[in-house]
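Line by line, the protein sequences give chains A and B. Numbering follows my numbering, with no gaps: position 311 of the first sequence is 331. Numbering follows my numbering, with no gaps: position 177 of the second sequence is 204.
Please note: incorrect hints may appear among the correct ones.
Just a few of them, taken from the derived set where beta-carbon distance is under 8 angstroms, the chain B residues facing chain A [to be verified]: (1) Leu46; (2) Val48; (3) Gln52; (4) Tyr113; (5) Trp160; (6) Val163; (7) Thr190.
Simulated pairs of lysine-lysine, BS3-like, Cα-Cα distance not exceeding 27 angstroms [stated by the list, open to error]: (8) B:Lys197 <-> A:Lys22; (9) B:Lys81 <-> B:Lys197; (10) B:Lys81 <-> A:Lys22.
Derived list of chain A stretches under chain B, where covered just means 3 residues or more per stretch with a C-beta under 8 angstroms from a C-beta of chain B [claimed, not checked]: (11) 75 to 81; (12) 85 to 97.
Simulated from the structure, these hints should not be mistaken for laboratory data. Glycine is no exception: its CB is placed at the ideal position from the N, C-alpha and C atoms.
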Amino acid sequence: MKPLSERLNARLQRGDRRPWNSEELPAGPREPTPASDPEVDELVTVARWVQSRPQLQADPDFVELLETRLLLRHAALRPKQPARKVLSHPWRVHPVYGIALGICLLMLLLGTGVLVVAAQVSNPENPLYAVKRLEQHVQISLAGSPEGQAELDLQFAGEQLNMLADLADTAHAQAYRQALADFDQQVSAAASTIQGLPAAPDRDRLSSELATLKGDARHMLRGLLPQLALAERLLTTDELGRLGDTVPRLQSVEIVLSAQPDEHATISITGDNIQPGAQLLVNGQVVDVQGSFQNGLLVFMTVWNGDQHPQSIGILNPDGTVAQTTTITLKSSNGNGNGNNGNSNNGHHGNGNNNGKPDKTPTPHH
Amino acid sequence: MEPIGRWLDQARRGESEALSVLYRQFLPGVFGYIASRVPDRATAEDLTSEVFLKMVEGIGQLRARDEAGFAAWLLQIARLTVAGYYREREHLPTLVSFEPEDWEEEALGNGKALVSMYLGMDPAEIVETQDEWNTVVGAINALTEEQRQVLIGRLILGYDVATVARMIGKKANAVKALQFRALQSLHRLLKTGRRRDISREASPIQTQHRGGKP
């Protein structure tokens, strides 16, 4: 025989699906039982009695009222739920999503922070300077129109120009060179974009702004020249030339060496915009010697007392502009000449390709 | 997915209709559970309201996806709500009035809401109703929590043994045993209560468990 709990369950199982609306008090099992089982009968009666208690049944009015209350409460909560859902759902679905979301948020925060800090950077030696330049490039490429791009180019060029003023000393030579190159690139980009604009008031306005910027740049760069070392002066002079300023340019340099040892050398320089009082530069050093103009040539007479040949010859104008060349022709006073065919004029450091060497070099003035 | 699973998903997404369906389906079980544990209908209704408001607020975070899981969650809320009710009552001072109390309030034991609820009824009927309530409450409160949950699941919600087993996290045989012991205890308690009622027929206006913790 099955245990009591099994027999009881079997009896309850038969047709005992929720008699909720039945008000009658069950007097016993509803269905005929196969065999008399008084103990189980009694418990089934108790179960039916409990099921039928009106005290355990909710009042229909209360049911309606509570449903209304719940729906009102739900309606009041509903506007708050979507935001919470968006935030909580990825965390709830899988921890990996949560971690990924966390990392993304962190990267976003860090990225935003880096961009904000980078935007304030004004020194190319700062590692964030590259981020700032990248940020500027992105801004320009995202500009909706060529006019917008040109405006941004001009704006960033102005910022670069201001940056140069803070870097114009020997301690920041590398940073100055980088900032100057970026300024040049920005101005070129602005000019190119403006040139590509159709003839319209916008183009005129932007051209005028570019001209103003170039004028300001010329003025500022000239003011910076005295503070710069020779290499930066050469670059700045070059930039001034690209900005439309009058800068010296060397066409030829000829060195005539005296036949006797320990004698003099005559250095003749031709070029444009060489000012009276310009100083001689040999291998990037000022030589303490007076020059004079003779038939359109600037001629220096100097003692040639070194064994090394000159890599470069240049001039330093009284206004601070510099020109230099590695294209040097060497001659001896007995008529034998050796060409020193270097390249790069007017501020460029070319690599001279010397076919002949002078016997001696002048003593530079430090 | 069983139908209840779809309603649960929709309710989680905030659909009112799904909430209504769930409420209608589970109200009898929750109300029956609470009513069998508190001394009067008004308290049962208050606590039932509390449970379903918590359901509305918390269903978005609910993980249960089947009927048994949802019923277990609701009954857990109901159990904690009833426990909270009794905890609060323990901290309330006992007030003893020197004035003679209204007979209706004496009979019902709880406030004007109950007076209005029973208005129009025969006083003897009111007493009988309240006595019967107290008998049921007293008997069911004497059961263990697991026995109560099995009775609610089996007799009021009408679930089969397997569903109740999932609901309370037990095996089917354990549920059958709990069901048997619960009905046996109720049988014994109700017989005792009935004998006590007969012995008190001379003084009918008396109540048991007047709001005290059983």
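Right, here's what the structure says about each hint:
Taking 8 angstroms as the C-beta contact cut-off toward chain A, the hint placing leucine 46 of chain B at the interface holds, the least distance being around 6 angstroms. About 11 angstroms separates the beta-carbon of valine 48 of chain B from the nearest beta-carbon of chain A, more than 8 angstroms, and the hint is not met. Of the supplied interface hints, the one on glutamine 52 of chain B is violated, with its beta-carbon coming no nearer than about 11 angstroms to a beta-carbon of chain A, more than 8 angstroms. For tyrosine 113 of chain B, the interface hint is violated, since its Cβ never comes within 8 angstroms of a Cβ in chain A; the closest pair sits about 19 angstroms apart.
Among the interface hints, the one on tryptophan 160 of chain B holds; its C-beta lies about 5 angstroms from the nearest C-beta in chain A, closer than the 8 angstroms criterion. Given the 8 angstroms rule on beta carbons, the hint for valine 163 of chain B holds: about 6 angstroms separates it from the nearest Cβ of chain A. Given hint, threonine 190 of chain B at the interface with chain A, is violated; its Cβ is 12 angstroms from that chain's nearest Cβ, farther than 8 angstroms. Distance check on the hinted pair: lysine 197 of chain B and lysine 22 of chain A sit about 21 angstroms apart at the alpha-carbon level, within 27 angstroms; holds.
Of the pairs offered as hints, the one joining lysine 81 of chain B and lysine 197 of chain B holds, with about 26 angstroms between alpha carbons and a cut-off of 27 angstroms not exceeded. Note on lysine 81 of chain B and lysine 22 of chain A: the hinted pairing is violated, with a Cα-Cα distance of about 43 angstroms set against a maximum of 27 angstroms. Only residues whose beta carbon comes within less than 8 angstroms of a beta carbon in chain B count, and the stretch 75 to 81 of chain A has 5; three or more means the coverage holds. Beta-carbon proximity to chain B at under 8 angstroms applies to 9 residues in the stretch 85 to 97 of chain A; the threshold of 3 is reached and the given coverage holds.
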